[in-house]
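Asks: Chain order of the listed sequences is A and B. First residue of the first sequence: 1, per my numbering; consecutive thereafter. First residue of the second sequence: 1, per my numbering; consecutive thereafter.
One or more hints might be untrue.
Away from chain A, derived, C-beta distances all over 12 Å, residues of chain B [what the hints assert, rightly or not]: (1) Pro11; (2) Asn43; (3) Glu255; (4) Lys264; (5) Ala265; (6) Gly345.
Quick partial rundown of chain B residues pointing at chain A, CB under 10 Å, derived from the structure [said to hold, decoys possible]: (7) His20; (8) Ser80; (9) Ala170; (10) Thr258; (11) Arg259; (12) Ala346; (13) Thr348; (14) Val385.
Treat the hints as calculated values from the structure; they're not laboratory data. Using N, Cα and C, we set each Cβ at its ideal position, and we do this for glycine too.
Letter by letter, the chains look like this.
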Amino acid sequence: MVKKYELVSVRALAERVNEYVIYAPEIAKHCLAGQFVILRVDEDGERVPFTICDYSREDGTVCILVQEVGYTTALLARMKTGECLADLVGPLGNPTDLSAYRRILLIGGGIGSAVIYPQTKQLFGEGKSADVIIGARNEGLLIYRERFARFAKNLYEVTDDGSGGRKGFVTDVARELLERGEKYDVAFAVGPLPMMRAVCRLTAEFSLPTVVSMNPLMVDGTGMCGCCRLTVGGEVRYACIDGPEFDGHQVDFDEAMQRLRTYKTQEEEHMCRLRGAL
Amino acid sequence: MRGDLMRHAVPARPAEERIHDFCEVSLGYTDELALAEAARCLNCKNPLCMQGCPVGVHIPLFISKLRDGDPDAAAEVLLSDNNLPAVCGRVCPQENQCEKFCVRREKAGGSVAIGALERYVADHAAAKGIKVAAAERGDAKVAVVGTGPASLSCAADLARAGVRVVMFEALHKAGGVLVYGIPEFRLPKDIVAREVKKLCELGVDIRTNIVVGKTVLLDELLADYDAVFVGTGAGLPSFLHVKGENLSGVLSANEFLTRVNLMKAYSASSATPVSRSKNVAVVGAGNVAMDAARTARRLGAEVTLVYRRSRAEMPARAEEIEHAAEEGIKFELLTNPVEILGENGAVTGMRCVRMSLGEPDASGRRRPLPVEGSEFDIACDEVIVALGTTPNPILKRSFPELATTPKGTIVADENGKTSVKGLYAGGDSVTGAATVILAMGAGKRSARAILEELKKEGK
Numbered sequence: 001m002v003k004k005y006e007l008v009s010v011r012a013l014a015e016r017v018n019e020y021v022i023y024a025p026e027i028a029k030h031c032l033a034g035q036f037v038i039l040r041v042d043e044d045g046e047r048v049p050f051t052i053c054d055y056s057r058e059d060g061t062v063c064i065l066v067q068e069v070g071y072t073t074a075l076l077a078r079m080k081t082g083e084c085l086a087d088l089v090g091p092l093g094n095p096t097d098l099s100a101y102r103r104i105l106l107i108g109g110g111i112g113s114a115v116i117y118p119q120t121k122q123l124f125g126e127g128k129s130a131d132v133i134i135g136a137r138n139e140g141l142l143i144y145r146e147r148f149a150r151f152a153k154n155l156y157e158v159t160d161d162g163s164g165g166r167k168g169f170v171t172d173v174a175r176e177l178l179e180r181g182e183k184y185d186v187a188f189a190v191g192p193l194p195m196m197r198a199v200c201r202l203t204a205e206f207s208l209p210t211v212v213s214m215n216p217l218m219v220d221g222t223g224m225c226g227c228c229r230l231t232v233g234g235e236v237r238y239a240c241i242d243g244p245e246f247d248g249h250q251v252d253f254d255e256a257m258q259r260l261r262t263y264k265t266q267e268e269e270h271m272c273r274l275r276g277a278l
Numbered sequence: 001m002r003g004d005l006m007r008h009a010v011p012a013r014p015a016e017e018r019i020h021d022f023c024e025v026s027l028g029y030t031d032e033l034a035l036a037e038a039a040r041c042l043n044c045k046n047p048l049c050m051q052g053c054p055v056g057v058h059i060p061l062f063i064s065k066l067r068d069g070d071p072d073a074a075a076e077v078l079l080s081d082n083n084l085p086a087v088c089g090r091v092c093p094q095e096n097q098c099e100k101f102c103v104r105r106e107k108a109g110g111s112v113a114i115g116a117l118e119r120y121v122a123d124h125a126a127a128k129g130i131k132v133a134a135a136e137r138g139d140a141k142v143a144v145v146g147t148g149p150a151s152l153s154c155a156a157d158l159a160r161a162g163v164r165v166v167m168f169e170a171l172h173k174a175g176g177v178l179v180y181g182i183p184e185f186r187l188p189k190d191i192v193a194r195e196v197k198k199l200c201e202l203g204v205d206i207r208t209n210i211v212v213g214k215t216v217l218l219d220e221l222l223a224d225y226d227a228v229f230v231g232t233g234a235g236l237p238s239f240l241h242v243k244g245e246n247l248s249g250v251l252s253a254n255e256f257l258t259r260v261n262l263m264k265a266y267s268a269s270s271a272t273p274v275s276r277s278k279n280v281a282v283v284g285a286g287n288v289a290m291d292a293a294r295t296a297r298r299l300g301a302e303v304t305l306v307y308r309r310s311r312a313e314m315p316a317r318a319e320e321i322e323h324a325a326e327e328g329i330k331f332e333l334l335t336n337p338v339e340i341l342g343e344n345g346a347v348t349g350m351r352c353v354r355m356s357l358g359e360p361d362a363s364g365r366r367r368p369l370p371v372e373g374s375e376f377d378i379a380c381d382e383v384i385v386a387l388g389t390t391p392n393p394i395l396k397r398s399f400p401e402l403a404t405t406p407k408g409t410i411v412a413d414e415n416g417k418t419s420v421k422g423l424y425a426g427g428d429s430v431t432g433a434a435t436v437i438l439a440m441g442a443g444k445r446s447a448r449a450i451l452e453e454l455k456k457e458g459k
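For reference, chain B alone in the conformation it holds in the complex (with noise of 0.2 Å):
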């Protein structure tokens, strides 16, 4: 076997510490736990590791660069398939991904640590300014709807083609889901501006505060590029639709998140409030929950996280719930909200139904039901809603001629084409809310279609 039998753990900073700051929680590896981890790869000849990477990097060759003491060229490789190692690296569920099919997984102490050494590769090109190889500028041009991971990654691929790319964001910074919705202790926002800076080396121009279909059309920009991709995700919150969800106090993750994020609502230089809660409950078990309760808590509050099923559905990422519970986030699994309790129109409680586990349903978990008579209060003075986005009205109501489906996602082929001529999309506004690298392989891949469609009218 290989190098070490045993994964190797990457650091963090203990909680107790943590929970007082914003910074950044994962250490990443050290240039010998990345060496020793780098050993384990055994190199397949056959390397299942990149079936489960939606944008195909070469994992075992930038590992092997890695290992022979030539971190420049790992960089080299990563760069070249990855146009956001650094955040993919840091929010990627890679245990469902490549280290999910990891030939040393089951029997080998463990999948290789491919997500932290990506991370620690990035890390490095940045570092020392490693950068791919950009064509030369032609006279193409592209628009990109939204700078989220799906439209980074188009915007990338097709600069570095030599196309001209204008990108058009609604808030007044670029990055999307990056910067108002995943805390900064999770992904630093340097990390962020330091991609969005990249871009615009490559000559792309970055837009903020417009939002296409009310400040522009995309009837116009239709006009006025040879293409147009739509990579505006999926904004809008899901609520409970319960008894007392529009009590003061009770907010969606998105609102509470880009509050934090985005707004810095937790320096005292910004003008954002943000409620500095003794007690929040959080309602969901995905990402945005994890962030929301983890956020919650270093703003100084008790946390309690409430979750219909059992753990092992819990969907986010096995990192991030082990974080949660080792901050002092309180599970309440198998527990269902269905009142939200409140006097003078604030919070002041939650009242709740204990759950059990039926038959699996149509998303093949088994289905959560309400146990008669089991219901009990969680005092609270916030509530905080993490049920899922929905894809953003916008564009559409802005542009009827675009085919969408009943839940409100954009219809597209696999490589992006929509029902309009010129117009492709892809990340979260085609799937509905998933994870930062699906969105990416998408943002690719429609890259690549348009890349192909432009030589084929010869621009």
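Isolated chain A (complex conformation) (with noise of 0.2 Å):
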């Protein structure tokens, strides 16, 4: 029987990328595109929010990417298909809502990739299918290429380095689309926060409304700590309960990116304490 937060499967998807699909049958009845999960690997762990990539309400599972970036995302690196997770919570966060749009343009960047897929899915079953741009800094880290070849009306891949699709950023891309008079009425962009920056720069040229997923640090991630918040449009707001997704013009990256390094320092001394126990 599968037990309580079993990785079900566990894959490595690229370089220091995995994809973890894990049972919890109470999130995947009621997640929706867009929504995160906040999972702690044991009982000393910390509470580190995952956008919910995709999931499957028959199986009862829900599927997370993970790059390992930090002490956590390196301990889950080291699980194995069959261990079960301490503590998992969600959906936490509100739904992508792109219903007032018809024609989507979708990017993602790196790990964020994984965000736009279940969008793309999503939108191909609504009719309603949506151009993608996918960028990574190689070949080897670019993500779901089939299943994104499968559901986005045009698809477009690019590395930093030029060794899969063309060589750029995924911003060179999107210029390209808009200076060549592609209609769009939103796009949608996921990725590091400086990726999401530059997207955001360049959609606010051309007046193209843009939504962007914020993955700041959280504790709870129910709005009981504050510490996810953001200001958007001069308003401070928390990513948890009243994002992650905002209107990209409108959001302060470089306070993010500031507020992103606080633990820093921290985070460095447990990925020393994590090396030295190898």
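Got two chains here, each in a separate frame; can you build the complex from them with the hints?
Replies: Given below as structure tokens:
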């Protein structure tokens, strides 16, 4: 019998990028594209949020993509199929809502592509397939290529070094599309903060409304701590209960980047300890 | 006059020792001190102290059993009225409740130390495994949302009456504010775990990692259970709304305390980070502000507590203010922050203005007014904001039929009945941020109302 929070499948998708399918029927029953979960690896674990990138109501599973960047993600990378997480809670945050738009451009950078994937699939199902740009540092880090190819209207792949797709940044492709007169009602961009900021600067030039998905530090994920607060349009908003998606043209990205660095020293200490334990 | 004239002080660990660890500060009464203090109770015919107790503990009765040398009987009296006496004995603001009405207060050596005696008897009961009897379990099912004081109290009364109770907790650990908010040195987590275990032994099923309104919906609970009690508290922190508030190093007391208490960030084995700042400024003067200040002190910081009114208006328990002062917390009273200063995104100081007290405002307290030209800077590398909390909006957003006030609190009558049939609410989610004991009183009243309703329906 499958246990609560069991890793039903663990799969390496790219260098230091793993896909985890987790048994959590109550979350799978209620989750929608755009929402996130918070997990703890073990009893001493910190609470870390991850966006749900796929789910199966039939199997009672949710899927997350994790890039090994810090202490908890390194611990996760050592877990194997059949092992269980200590805790998993969700679905948190609000679902993506692009229902008001018809012509949609989805842009995913690095691991952020995992977040636009369920939207790509959903829009295909609704009969309004989107144009999709996915970008990564190199070909090995481009994820879900076949799946995107299947559900996107047009798929544009781009890598920093040109090893996969064309060479350049997602913004280069987006600029080209917009300059050649492709018409979109909205762009939905997910990726590292500098990438989302660059996309927003570009789309602002073309007055294209842009939604971004923010992934700040969090503790509880239910509005209790205020750790995930952002400035959006001059007002303080909580990513966990007001987001995680916001009008990208209103987000204060510089502040978000600064806040993300808050516990950098402590995180490095934890990593040293983990390496020492190896 | 009965017993010793003067109230017996509760022994506490010396400040210079306790600021280096998270162990409990107050040691509680010894057997001798408890007996001596119990002897001070006049066993009034008309016990005014009981008027001050939101859960109606039969105070003179349990104290008289103790004085008669029968602590087991004292425990039975206490446990039948109060579901969490070991908690209440430690965190209730007794000086504003039972002890406020004690006839010895003004003229006879001070009020009887009811809180300290309650703690003594509760710890005795736990050590001896004394429990109250529970009725046989029937078929009625009630869902309790949240596992803080209101919910624990409601669930315990329902379970004892034979109801099948399932509790839903959003975090990974049960206890609500008792585990994430109140620090170990004031309320050891073993005590909370003990109370939670007692509930489980009564047959209550506690399900963690469930956010009602997200993981399961209120409609589903209302369909699956005979009644639902919501005790989700007031968890949303308020901020100052001044410039610099989103700098790294400015955090809510909720975040700071959750990192330290729930996530055990003070321990080397915990993966959760917390800043080890040198100079911390805490804004606010309630119990949460004291908890944050004293926690920061234990993490090695020099701490300044900034409050816009004077000492007399500080809302924290008297004991906490005294303990904080003993531990070297510096109080900057009649002072209000106007800006948080920073460099490269991190806090370097807090600009404040001096205040003076004017005419009484709506709360009856004198309104603080800024003194022109009195700005000054406090050097600090962390600012913790403890300015109160408001109810969490998740439940309401997922269930708009539930009537709430403009402040976000749930509309409920004195028995916790809401605008929705079968749905009850109590505690901070109804009153706004208040105390553990008021929340427990509300949980108890709702349990009684739910039991009556179940009886009417023949369940």
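Asks: Taking the shortest Cβ-to-Cβ distance between glycine 345(B) and chain A, state whether it exceeds 12 Å.
Replies: Glycine 345(B) not clear of chain A: closest Cβ-Cβ about 4 Å, inside 12 Å.
Asks: Checking hints one by one. Is serine 80(B) an interface residue toward chain A, by the C-beta closer than 10 Å rule?
Replies: 34 Å, violated
Asks: Per the stated criterion, does the least C-beta distance between alanine 265(B) and chain A lie above 12 Å, as a non-interface residue requires?
Replies: Given that some Cβ of chain A is not farther than 12 Å from that of alanine 265(B), nearest at about 9 Å, it is violated.
Asks: May I ask you to test the interface hint for threonine 348(B) with respect to chain A, counting a Cβ-Cβ separation under 10 Å as satisfied?
Replies: Violated. Min distance 14 Å.
Asks: Hey, is asparagine 43(B) genuinely clear of chain A, shortest beta carbon separation above 12 Å?
Replies: 44 Å, holds
Asks: Classify the label on proline 11(B) as holds or violated, using whether its beta-carbon is more than 12 Å from each beta-carbon of chain A.
Replies: Answer for proline 11(B): holds, closest chain A Cβ roughly 33 Å.
Asks: Does alanine 170(B) pass the interface hint, meaning its C-beta sits closer than 10 Å to a C-beta of chain A?
Replies: It holds, given that the least Cβ distance between alanine 170(B) and chain A is near 5 Å, below 10 Å.
Asks: Any Cβ of chain A at or closer than 12 Å to glutamate 255(B), or is the non-interface label fine?
Replies: 4 Å, violated
Asks: Go through the hint on histidine 20(B) and say holds or violated, using the shortest Cβ distance to chain A against 10 Å.
Replies: Cβ of histidine 20(B) sits 21 Å from chain A, so the hint is violated.
Asks: Close enough to count: is the Cβ of threonine 258(B) nearer than 10 Å to one in chain A?
Replies: Since chain A brings a Cβ to about 5 Å from threonine 258(B), closer than 10 Å, the hint holds.
Asks: Under the criterion of a CB-CB separation shorter than 10 Å, is valine 385(B) in contact with chain A as hinted?
Replies: 8 Å, holds
Asks: Hint check: is the beta carbon of alanine 346(B) less than 10 Å from a beta carbon of chain A?
Replies: 8 Å, holds
Violated hints for the displayed structure, listed by number in ascending order: 3, 4, 5, 6, 7, 8, 13.
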